[in-house]
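Take these sequences, add in the hints, and give me the full structure.
Spelled out from the first residue to the last, the chains are:
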Amino acid sequence: MSDTPSQGPGKSIVPGWVKCPQDFIGGLVLVAVSLFALWACSDLQGMHGFSFGPGTAPRMFAVLLLGLGAAVSIVGVVQEGPGLQRYAWRGPLFVSLAIVFFALAIRPLGLIVSGLATFLISALGTPETRWTETIIVGVCLTIGCAVLFPYVLGLPMPLFPRFLVQ
Amino acid sequence: MADLFHNLALGFGVAVSPINLMLCLIGALVGTLVGVLPGIGTIATVAMLLPITFGLPPVGALIMLAGIYYGAQYGGSTTSILVNIPGEATSVVTTLDGFQMAKQGRAGPALAIAAIGSFFAGCVATVLIAVLGAPLTKLALAFGPAEYFSLMVLGLIFAVVLAKGSVLKAIAMIAFGILLSMVGSDIETGASRMAFNVPELADGLGFATVAMGVFGFAEIIRNLDAGAEMDRDLVQQKITGLMPTKKDLKDSFPAIVRGTILGSILGILPGGGAVIASFAAYTFEKKMAKDPSRFGRGAIEGVAAPESANNAAAQTSFIPLLTLGIPPNAVMALMVGAMTIHGIVPGPQVMQKQPELVWGMIASMWIGNLMLIIINLPLVGIWVRLLRVPYRLMFPSIVVFCAIGIYSINNAPVDVVLAGAFGLVGYWLIKHEFEPAPLLLGMVLGPLMEENLRRALLISRGDWSVFITRPLSAVLMAAAAGLLVLAVLPTLRKKRDEVFVESES
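Here the protein sequences line up with chains A and B, keeping their order.
Sequential numbering from 1 applies to the first sequence in this note's numbering.
Sequential numbering from 1 applies to the second sequence in this note's numbering.
Hints in this document: simulated from the structure, not taken from any laboratory.
Note that CB positions come from ideal geometry on N, CA and C, so glycine has one too.
Careful, some of the hints might be misleading.
To be verified - Pairs of lysine to any residue, SDA-like flavour, derived with a Cα cap of 25 Å:
| hint | chain 1 | residue 1 | chain 2 | residue 2 |
| --- | --- | --- | --- | --- |
| 1 | A | Lys19 | B | Leu33 |
| 2 | B | Lys353 | B | Leu168 |
| 3 | A | Lys19 | B | Arg258 |
| 4 | B | Lys290 | B | Arg258 |
| 5 | B | Lys103 | B | Lys250 |
| 6 | B | Lys353 | B | Thr340 |
| 7 | A | Lys19 | B | Ala487 |
| 8 | B | Lys246 | B | Ile261 |
| 9 | B | Lys287 | B | Asn84 |
| 10 | B | Lys246 | B | Trp428 |
| 11 | B | Lys250 | B | Leu201 |
| 12 | B | Lys246 | B | Glu188 |
| 13 | B | Lys138 | B | Ala487 |
| 14 | B | Lys138 | B | Ile459 |
| 15 | B | Lys138 | B | Glu356 |
| 16 | B | Lys286 | B | Arg258 |
| 17 | A | Lys19 | B | Val167 |
| 18 | B | Lys250 | B | Thr283 |
| 19 | B | Lys246 | B | Glu433 |
| 20 | A | Lys19 | B | Gly165 |
| 21 | A | Lys19 | B | Glu435 |
| 22 | A | Lys19 | B | Val488 |
| 23 | A | Lys19 | B | Thr283 |
| 24 | B | Lys247 | B | Asn223 |
| 25 | B | Lys247 | B | Met288 |
| 26 | A | Lys19 | B | Trp428 |
| 27 | B | Lys353 | B | Leu448 |
| 28 | B | Lys353 | B | Phe5 |
| 29 | B | Lys353 | B | Gly13 |
| 30 | A | Lys19 | B | Ile430 |
| 31 | B | Lys290 | B | Gln104 |
| 32 | B | Lys138 | B | Arg297 |
| 33 | A | Lys19 | B | Glu433 |
As the list claims (entries may be wrong) - Computed spacing ranges between beta-carbons, pair by pair:
| hint | chain 1 | residue 1 | chain 2 | residue 2 | range |
| --- | --- | --- | --- | --- | --- |
| 34 | B | Ala226 | A | Arg107 | 42 to 52 Å |
| 35 | B | Gly13 | A | Leu38 | 46 to 56 Å |
| 36 | B | Ile459 | A | Gly46 | 12 to 22 Å |
| 37 | A | Phe50 | B | Leu139 | 37 to 47 Å |
| 38 | B | Glu200 | A | Pro15 | 14 to 24 Å |
| 39 | B | Glu200 | A | Glu133 | 29 to 39 Å |
What follows is the structure, given as C-alpha cells:
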C-alpha cells in the first residue's frame with residue numbers, strides 16, 4: 001500500500017465533488033481489500049446444510065468489510081473532512097529496505113553482520129544522521145544483541161556468516 | 001471470603017519465589033526503561049519484548065510480561081512530568097499539570113505522587129481482581145457459544161464507542177482485523193484459506209508480527225516524517241526533594257481514591273481501558289475542584305487522579321482476560337498471544353485448572369507495583385539522562401531490536417518481511433486516520449468469534465434467532481445495539497470529541 005502516490009494538498013487526483021478525499025480513498029482501498037479477499041476465498045466450500053464450511057465466515061466478514069468500506073467512501077463524499085496527507089519517501093523506503101535486508105541476511109550472514117547492516121541502512125532514513133556516532137552506537141548495539149539473544153535468552157540464531165563457520 | 005485469602009496466599013506463594021521476584025523486577029525495570037523512551041508506545045513495547053519471555057516457564061513469562069506492561073505505563077508518566085512528552089497515550093493528561101509542577105521545581109513531589117497514586121490503585125485493583133475473579137469465572141462457565149459471541153460483539157462495540165475518531169471507520173477496522181485473522185487454516189476442516197500456498201501463511205498471520213508492524217514500524221516511519229529531532233523541553237535543574245509535603249498528600253489523597261474507582265470500572269470494560277480512564281479521571285477532578293483554574297498550572301490533583309486511574313485500569317483490564325478469555329484491549333491481546341505460545345488458552349478453565357498461574361500473576365502485580373515505587377524514585381536521574389538520547393540513534397536501534405524479536409518468534413525470515421509490510425499498511429492507516437487498535441482487537445477476537453458463531457449456529461440447527469432468544473445473549477446483544485445507537489447520536493459524539501480535544505490541547 002506504499003504505492004499510493006504522494007501528493008501535495010493543492011493538486012489532487014480526487015475529483016472536486018469529494019468533500020473528504022482522505023475517507024473517500026481510504027474507504028475505496030478497504031473495498032478493494034474485501035474484493036481481493038472474496039476472490040481469494042472463492043474456491044472454498046460454503047455452507048453445507050446448516051453448518052459452516054471453511055469459506056463461509058471469511059466471505060461473511062469480507063462482505064461486511066465491503067459494505068463498511070463503501071460506507072466510509074460515501075461519507076467521504078458528502079461530509080466535509082481533511083484531504084490527503086503528504087507521504088514521505090525517505091523514512092518508509094530505508095526502514096523497509098533495512099527490514100527486508102535483515103530477513104534475507106539473518107540465515108546466511110548471521111546476527112552480527114545483518115544486525116549492524118540493518119542498523120546502518122535504517123539510519124539512512126533521516127538526513128539528520130551523523131555517521132561517526134551512528135557507527136559507534138551501531139557496533140555497540142550489535143555486540144549487545146549478540147550477547148543478549150543467543151546467550152542470555154538462549155534463542156537459537158546464527159551469529160557469524162555461514163561461510164566463516166564452515 | 002476464605003476462598004479469597006486462600007487464592008491470594010497461593011498467589012503470593014508463587015510470586016515470592018526468588019526466580020519469580022527476579023523476573024518481576026527485570027520486567028518492571030525493562031518496561032520502565034522502554035516506556036521512558038519516547039516514540040515507543042505500550043503496545044510496541046510489549047510486542048517488542050515478547051520474545052525475551054519465550055525461554056521462561058509460563059508463570060515466569062506472564063509475570064515478566066505483566067511487569068513490562070505496568071513498568072511501561074509508569075515510565076510513560078515519568079517522561080510526561082519531566083519533559084512534557086507523554087511516553088504513552090495513557091499519560092497524555094499527566095503532562096498538563098505534571099510538567100507545570102516540574103517547571104516550578106516540584107518535579108520530585110509530582111513523581112512521588114504519581115508513584116504513590118499508582119501503587120494505591122494497584123493495591124485496590126489487585127484485591128478487586130481477586131474478589132471478582134471467582135464469581136465471574138462461574139458466570140463464564142454458564143456461557144454457551146451464543147453468549148460468548150454476543151459478549152464479544154458487545155466488547156468490540158465498546159471498543160469502538162470508547163475509541164477516538166469516526167465510529168464507522170473503527171468498525172471497518174475491526175472487520176478488517178477479523179478478516180486478517182482468517183488467513184491460514186480453517187479450525188474445523190483444516191482447509192487452507194487465503195494462504196496462496198505460502199507455507200509460512202498456513203498457520204495464519206502471527207499476531208505479534210502484525211502488532212509489531214502496525215505499532216512498531218509504522219510508528220517509527222511516522223515519527224521520521226516529522227523529522228527525527230523532536231524538540232525536547234528538558235527540565236534542566238536538578239530534581240531535589242522527592243518527598244511531597246503534608247499538604248500535597250492531603251490534597252491528592254481524595255483525587256487518588258476517585259481516580260482509582262473510576263479507573264477500576266473503566267478498566268473492566270473492554271475498549272479504551274487505561275487511556276480513557278486517565279482522561280476521564282482528569283476531567284472529573286477538574287469538575288470536582290473548587291477552583292478549576294488551578295488545573296493546567298501545576299495542580300497536584302491533576303497528576304494524582306489520572307495516574308491512579310490509568311494504573312487501576314491497566315490492572316483491572318486483566319479481569320475479562322483471565323475470567324472470560326476475552327482481551328479487552330490490544331495489550332491484553334498480546335498477552336493472549338504470549339499465553340498461546342506457552343500452550344495456555346486463557347479463559348475460565350485456566351482459573352480452575354492452573355490457579356497457581358493466575359493467582360501468581362495477580363500477586364506479582366502487587367509486588368511489581370511495590371518494586372516500582374521503591375526502585376524508580378532513586379532511578380529518576382538515570383531516566384532523565386536516557387531522554388537525552390536523540391531519536392536519530394534510537395530509531396535504528398528499535399528497528400534492529402524489532403527485527404530480531406520477530407525473527408526469533410518462529411525463526412522465520414518471512415515473518416520479518418510481513419511485519420515490514422504491515423508497517424507500511426500501518427503508515428497508510430495513520431495517513432487516512434484509521435485507528436490501528438481496533439484492527440488488532442478484531443484480529444485477536446476473530447478466531448474466537450468465528451468458532452463460537454459456528455458452534456452456536458450448529459447447536460441451533462442454523463437458526464440465527466438463537467442470539468436473541470437465549471436470555472443472557474439477548475441482554476448482551478441489546479446492550480451492544482444500545483451502545484452503538486448512543487455512539488452515533490450527535491449529542492454524545494460531541495461530548496466524546498470534547499474529551500479528546502481537551503486532552504490534546
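Quick rundown of the hints versus the structure:
1. A:Lys19 to B:Leu33: Judged against 25 Å, a Cα distance of about 44 Å means the pair is violated.
2. B:Lys353 to B:Leu168: violated (40 Å)
3. A:Lys19 to B:Arg258: Outside the cut-off at roughly 44 Å; violated.
4. B:Lys290 to B:Arg258: holds (16 Å)
5. B:Lys103 to B:Lys250: holds (22 Å)
6. B:Lys353 to B:Thr340: holds (16 Å)
7. A:Lys19 to B:Ala487: holds (23 Å)
8. B:Lys246 to B:Ile261: Cα-Cα ~23 Å, so holds.
9. B:Lys287 to B:Asn84: holds (23 Å)
10. B:Lys246 to B:Trp428: With Cα atoms ~50 Å apart, B:Lys246 and B:Trp428 exceed 25 Å; violated.
11. B:Lys250 to B:Leu201: Given pair B:Lys250, B:Leu201 is violated - Cα atoms ~57 Å apart, limit 25 Å.
12. B:Lys246 to B:Glu188: violated (63 Å)
13. B:Lys138 to B:Ala487: violated (31 Å)
14. B:Lys138 to B:Ile459: holds (22 Å)
15. B:Lys138 to B:Glu356: holds (18 Å)
16. B:Lys286 to B:Arg258: Judged against 25 Å, a Cα distance of about 12 Å means the pair holds.
17. A:Lys19 to B:Val167: Between A:Lys19 and B:Val167 the Cα gap is close to 19 Å, so the pair holds against 25 Å.
18. B:Lys250 to B:Thr283: This hinted pair holds, its Cα atoms lying about 20 Å apart.
19. B:Lys246 to B:Glu433: Violated, because 46 Å separates the two Cα atoms, which is more than 25 Å.
20. A:Lys19 to B:Gly165: It holds: about 17 Å lies between the C-alpha atoms, which stays within 25 Å.
21. A:Lys19 to B:Glu435: The hint holds at about 21 Å.
22. A:Lys19 to B:Val488: Holds, because 20 Å separates the two Cα atoms, which is no more than 25 Å.
23. A:Lys19 to B:Thr283: violated (34 Å)
24. B:Lys247 to B:Asn223: This hinted pair is violated, its Cα atoms lying about 41 Å apart.
25. B:Lys247 to B:Met288: This hinted pair holds, its Cα atoms lying about 18 Å apart.
26. A:Lys19 to B:Trp428: holds (20 Å)
27. B:Lys353 to B:Leu448: Judged against 25 Å, a Cα distance of about 20 Å means the pair holds.
28. B:Lys353 to B:Phe5: Roughly 18 Å between the alpha carbons, so the hint for B:Lys353 and B:Phe5 holds.
29. B:Lys353 to B:Gly13: With a Cα-Cα distance of about 17 Å, the restraint between B:Lys353 and B:Gly13 holds, given a limit of 25 Å.
30. A:Lys19 to B:Ile430: holds (19 Å)
31. B:Lys290 to B:Gln104: holds (22 Å)
32. B:Lys138 to B:Arg297: violated (48 Å)
33. A:Lys19 to B:Glu433: Satisfied, since the Cα-Cα distance of roughly 16 Å is no more than 25 Å.
34. B:Ala226 to A:Arg107: 42 to 52 Å: At roughly 35 Å between Cβ atoms, A:Arg107 and B:Ala226 fall outside 42 to 52 Å, so the hint is violated.
35. B:Gly13 to A:Leu38: 46 to 56 Å: holds (54 Å)
36. B:Ile459 to A:Gly46: 12 to 22 Å: holds (20 Å)
37. A:Phe50 to B:Leu139: 37 to 47 Å: violated (29 Å)
38. B:Glu200 to A:Pro15: 14 to 24 Å: Violated, since B:Glu200 and A:Pro15 (Cβ atoms, about 41 Å apart) do not stay within the stated range.
39. B:Glu200 to A:Glu133: 29 to 39 Å: holds (37 Å)
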